[in-house]
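Heads up: the protein sequence lines correspond to chains A and B, in order.
Using the numbering used here, you'd call the opening residue of the first sequence number 1 and step up by one each time.
Using the numbering used here, you'd call the opening residue of the second sequence number 615 and step up by one each time.
No lab work stands behind these hints: they were computed from the structure.
None of these values were measured; they are calculated from a predicted model.
One or more of the hints may lead you astray.
Said to hold, decoys possible - Looking from chain A toward chain B, a few residues come up when the C-beta cut is under 7 Å (computed):
1) T39
2) G44
3) I90
4) L94
5) G100
6) R105
7) Q148
8) G175
9) V177
10) G455
11) A459
12) T494
13) A498
14) S500
15) V501
16) D503
As the list claims (entries may be wrong) - Only pairs whose alpha carbons sit at most 30 Å apart, straight line, appear in this in silico DSSO-like list of lysine-lysine:
17) K152/A x K830/B
18) K98/A x K762/B
19) K713/B x K315/A
20) K384/A x K490/A
21) K762/B x K152/A
22) K762/B x K87/A
23) K315/A x K218/A
24) K152/A x K727/B
25) K727/B x K854/B
26) K660/B x K504/A
27) K218/A x K830/B
28) K854/B x K98/A
29) K152/A x K860/B
30) K660/B x K218/A
31) K152/A x K218/A
32) K762/B x K660/B
33) K727/B x K713/B
34) K504/A x K727/B
Heads up, the beta-carbon is just placed ideally off N, CA and C, and yes, glycines get one too.
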Amino acid sequence: MQTHQYDVVIVGAGGAGMRAALESSTRVRTAVITKLYPTRSHTGAAQGGMCAALANVEEDNWEWHTFDTVKGGDYLVDQDAAEVMAKEAIDAVLDLEKMGLPFNRTPEGRIDQRRFGGHTRNHGEAAVRRACYAADRTGHMILQTLYQQCVKNDVQFFNEFYVLDLLVDHDLAAGEVEEGEEVNVSGVVAYDLATGEIHVFQAKSVVFATGGAGKIFKTTSNAHTLTGDGMALAYRRGIPLEDMEFFQFHPTGLAGLGILLSEAARGEGGILRNADGERFMERYAPTIKDLAPRDIVARSMANEVREGRGAGPNKDYVLLDLTHLEPAHIDAKLPDITEFARTYLGIEPYTEPVPVYPTAHYAMGGIPTNIEGEVLRNATDVIKGLYAAGEVACVSVHGSNRLGTNSLLDINVFGKRAGRAAAAYAATADFVPLPDEPATAVEAGLETIRTRPDGERVADIRRALQETMDANAQVFRTQESLTQALADIKELHTRFRAVSVQDKSRTFNTDLLEAVELGFLLDIAETVVVGALNRAESRGGHFREDYPNRDDENFMRHTMAYRRPLPATTGRKKRTGGDAKGAFSHAETFDDYQLVLGSKPVTVTRYQPMERKY
Amino acid sequence: MTAAIEDSPTKVGAVPSFTVTMRVMRYLPSDEGGETVAHWDDFQVKVHGTDRVLDALHMIKWEQDGSLTFRRSCAHGVCGSDAMRINGRNRLACKTLLKDLDITKPITVEPIKGLPVVKDLVVDMEPFFASYREIMPFLVTTGHEPTKERLQSAEQRARFDDTTKCILCASCTSSCPVFWTDGQYFGPAAIVNAHRFIFDSRDEGGAQRLEILNDKEGVWRCRTTFNCTEACPRGIEVTKAIQEVKRAMITRAF
């Protein structure tokens with residue numbers, strides 16, 4: 001075992017992690033721990049753009065952007081955070097340009113902008129050109145540019161190191177820390193994939209930027225490596241997860257494969273059609289049609305298929321039609337996604353419409369933070385020295401449905417804020433002592449799985465999880481389907497206790513780490529499903545067929561999911577969750593812990609909830 | 615008659631499936647109980663028409679031999695994790711459809727060449743990234759920063775578009791015969807990334823980068839075999855980019 005000491009440790013090297021590192025590493029001694037080489041991170045797969053009200057091509061302002069974000073999120077957005085993001089978007093884009101990002105340009109040589117779903121002029125009048133972009137490779141360019149700057153600033157990376165535990169000085173999962181009491185972070189425990197060695201990192205500040213958890217679903221645009229590691233580690237330490245039931249299904253995944261085709265395809269004029277060739281979005285969103293927010297488009301597509309108007313031999317997808325666009329325009333603006341259609345489906349988008357169907361894409365929920373990126377351990381108290389940014393976090397700028405481009409914006413704005421705040425805190429704070437034998441639990445857990453001679457296969461459990469999530473917790477949900485998903489998850493948890501791997505070596509044992517990641521997925525899936533069961537309303541990305549309307553009276557609050565011990569038979573306080581009121585008073589029992597729900601109020605500043613029409 | 619219908623392999627809408635032999639190069643360090651030399655293992659896998667080499671490797675890992683080791687992440691050709699030698703050519707496993715290969719023969723899969731093998735298909739990428747870091751792969755500017763964006767015409771932006779597509783997968787560098795025999799050579803990927811900045815109208819570090827690449831291990835080692843261009847999964851004209859850097863070195867026009 002090796003021990004290291006850094007002022008700031010950043011976990012994850014996608015956009016949020018590297019943006020944080022650029023701030024932190026120039027101020028204090030910083031290490032970035034990442035399970036992939038930084039340039040492999042999934043920020044690089046983002047395509048369409050990053051919105052900012054630059055007004056380079058038409059009138060725009062950040063207040064409209066704030067409103068669109070709030071409305072897009074079906075009013076579950078914390079409006080102070082959305083305002084910060086929309087205001088700071090402008091500098092975030094200009095920062096990237098100054099770092100060298102090769103944006104597409106207007107004839108005047110300025111950053112070009114295009115339309116994107118849910119982004120409108122003057123509170124919904126018409127689609128506005130707000131997304132700054134580099135062809136359909138905007139995420140790739142952001143990831144490369146941030147990595148280039150990290151090379152320039154000599155940022156220290158620990159590549160292919162998996163963080164497997166978060167160290168704090170109070171055991172929140174035991175549930176006995178009083179409100180208001182100070183809780184501090186002391187570091188993380190990591191596993192070096194190349195050698196199998198354990199490394200303990202003591203740090204004054206820890207920033208989680210580990211990304212999403214799309215692999216709880218079978219059909220997803222997410223990378224194999226997006227297994228919710230950071231969220232699960234926090235949850236296991238008793239830190240709540242916020243709004244996990246809100247998962248975004250991107251409308252245009254390549255049918256059957258889930259590979260993402262950017263919303264920019266529709267921003268550039270692409271049209272969704274059903275088997276009859278009808279532009280069906282005219283019926284669902286008469287004003288902005290194909291550029292409605294993703295939750296609405298995904299649901300409309302699924303509804304077309306359900307009502308028998310799907311295309312293809314099994315009538316199980318709809319068509320993205322680009323054939324009316326000039327091939328030269330497609331080549332200039334959408335080169336990668338059209339290549340995906342050719343490579344993976346053998347479809348020529350110049351002349352044939354592309355089969356598409358919704359694909360699990362983005363977790364709106366995550367580790368709760370305030371606008372400085374500080375992690376909350378209940379509705380009000382922060383954990384000192386712990387920060388989170390990007391998809392792993394819930395600040396919450398996306399509410400119940402994220403607008404396209406706002407994730408690339410989120411990682412830049414809140415990655416920067418978290419990096420600065422983490423460095424500022426580390427500059428004044430002392431190291432918190434590590435617990436005795438900080439790595440024992442991690443080592444024991446790994447050894448148990450690695451040395452178990454025979455047992456359940458990782459792939460079998462994972463497939464069963466992904467299949468039940470696709471079948472029961474996807475675009476359309478009901479009490480019945482979610483109850484089934486929860487029963488399946490509980491059974492899979494039990495089977496997971498007997499998981500074994502075939503690779504018994506210590507060198508680059510990805511078999512072992514896939515088992516660990518499966519454990520994370522099971523934890524995340526339970527928070528998604530329990531949150532979805534409890535939320536008896538439909539809002540943004542969460543649609544309950546048995547409760548098709550939004551219910552502001554009972555549910556205009558953020559869900560908080562806490563892992564807590566099983567209630568003792570005598571003596572203890574009955575509940576140890578956070579702010580459990582009204583509709584958020586459920587506790588779900590698992591084998592050796594319970595998931596206790598609580599809630600957090602939504603911050604409303606300028607915009608009172610209205611019916612959401614497009 | 616009934617039997618014939620039951621045997622019919624393709625019902626309406628079903629994806630036809632077929633069986634392939636994957637012949638994979640295996641290596642485990644001797645201190646882990648492996649042999650000192652690599653060897654081939656054959657696996658039979660049943661795959662579908664849309665499956666890629668990566669899917670076949672996953673089927674082996676998940677259903678037959680969990681110890682088979684390779685890198686992968688995005689699985690659609692943008693993260694650059696899974697460059698490997700497939701039937702003797704460098705490709706991304708996630709971008710190579712099995713139906714496009716000759717499935718009557720075993721499909722060979724080996725690690726990319728010229729970098730030390732860690733285990734099975736995983737190589738040590740550090741020497742590759744070290745070369746990349748040496749060519750100053752970041753925008754270099756002097757003077758005051760503008761308040762808003764730096765202006766750049768669409769034509770100026772187009773000048774270096776091709777080389778911005780690089781995903782650092784190492785397919786090009788590890789296909790280069792010069793790199794195989796001389797690991798000190800910067801290699802095509804580093805030069806591609808130098809090109810990306812040398813021809814960016816906003817950049818002022820071109821002269822320094824050309825100085826670095828004028829080294830004996832720099833661009834002049836390139837023998838224009840075009841392996842790199844053929845290998846690039848992003849369709850970058852790598853050899854052309856290297857030629858443009860050579861020309862810039864002579865003419866100092868960039």
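Do the hints match the structure? See the list:
1. With a cut of 7 Å, the hint placing T39/A at the interface with chain B holds, because the nearest CB-to-CB distance is about 5 Å.
2. The interface hint given for G44/A holds, since its Cβ lies 6 Å from the closest Cβ of chain B, which is under the 7 Å cut-off.
3. With a cut of 7 Å, the hint placing I90/A at the interface with chain B is violated, because the nearest CB-to-CB distance is about 9 Å.
4. Interface restraint check: L94/A against chain B, minimum CB-CB distance 6 Å, threshold 7 Å, status holds.
5. A distance limit of 7 Å between C-beta atoms decides the matter here; for G100/A the minimum to chain B is near 3 Å, and the interface restraint holds.
6. The closest approach between the C-beta of R105/A and any C-beta of chain B is roughly 5 Å, which is under the 7 Å cut-off, so the hint is satisfied.
7. Annotation: interface hint on Q148/A holds; nearest CB of chain B at approximately 4 Å, less than 7 Å.
8. Against a cut-off of 7 Å between C-beta atoms, the interface hint on G175/A is violated, since the closest Cβ of chain B lies about 36 Å away.
9. Of the supplied interface hints, the one on V177/A is violated, with its beta-carbon coming no nearer than about 37 Å to a beta-carbon of chain B, more than 7 Å.
10. Because the closest C-beta pair between G455/A and chain B is about 12 Å apart, greater than 7 Å, the hint is violated.
11. With 7 Å as the threshold, the beta carbon of A459/A comes within range of chain B, its nearest partner Cβ sitting at about 3 Å, so the hint holds.
12. Below 7 Å, beta-carbon pairs count as interface contacts, and T494/A has none with chain B, the closest being about 21 Å; its hint is therefore violated.
13. At a threshold of 7 Å, the smallest CB-CB gap from A498/A to chain B is about 15 Å, leaving the interface hint violated.
14. This hint is violated: S500/A has a C-beta 9 Å from the nearest C-beta of chain B, more than the 7 Å allowed.
15. At a threshold of 7 Å, the smallest CB-CB gap from V501/A to chain B is about 5 Å, leaving the interface hint in force.
16. Evaluation of the D503/A hint against chain B yields a held restraint, the C-beta minimum of about 4 Å falling below 7 Å.
17. Restraint check for K152/A and K830/B: the C-alpha separation of about 24 Å stays at or below 30 Å, so the hint holds.
18. For the hint pairing K98/A with K762/B, the CA-to-CA distance comes to about 9 Å; that is within 30 Å, so the pair holds.
19. Distance hint between K713/B and K315/A is fulfilled; the C-alpha atoms sit about 25 Å from each other, no more than 30 Å.
20. Our distance criterion of 30 Å between C-alpha atoms is broken by K384/A and K490/A, whose separation comes to about 33 Å.
21. The suggested pairing of K762/B with K152/A holds, with an alpha-carbon distance near 22 Å, which does not exceed 30 Å.
22. Proximity of K762/B to K87/A is assessed by CA-CA distance (about 15 Å); at most 30 Å being required, the pair is judged to hold.
23. Taken as a hint, the K315/A and K218/A pair is honoured in the structure, with Cα atoms around 20 Å apart against an allowance of 30 Å.
24. Of the pairs offered as hints, the one joining K152/A and K727/B holds, with about 28 Å between alpha carbons and a cut-off of 30 Å not exceeded.
25. Distance restraint check for K727/B and K854/B: the Cα-Cα separation of roughly 22 Å lies within the 30 Å cut-off, and the hinted pair is therefore satisfied.
26. Of the pairs offered as hints, the one joining K660/B and K504/A holds, with about 26 Å between alpha carbons and a cut-off of 30 Å not exceeded.
27. Taking the CA atoms of K218/A and K830/B, the gap is near 51 Å; set against the 30 Å cutoff, the hint is violated.
28. This hinted pair checks out: K854/B and K98/A have alpha carbons roughly 28 Å apart, not beyond 30 Å.
29. A hinted pair counts as satisfied when its Cα atoms are at most 30 Å apart, and K152/A with K860/B qualifies at roughly 24 Å.
30. This hinted pair checks out: K660/B and K218/A have alpha carbons roughly 20 Å apart, not beyond 30 Å.
31. Proximity of K152/A to K218/A is assessed by CA-CA distance (about 39 Å); at most 30 Å being required, the pair is judged violated.
32. For the hint pairing K762/B with K660/B, the CA-to-CA distance comes to about 56 Å; that exceeds 30 Å, so the pair is violated.
33. Among the hinted pairs, K727/B with K713/B is consistent with the structure: their alpha-carbon atoms are about 25 Å apart, no more than 30 Å.
34. For the proposed pair K504/A and K727/B, the alpha carbon gap of about 27 Å is at most 30 Å, so the pair holds.
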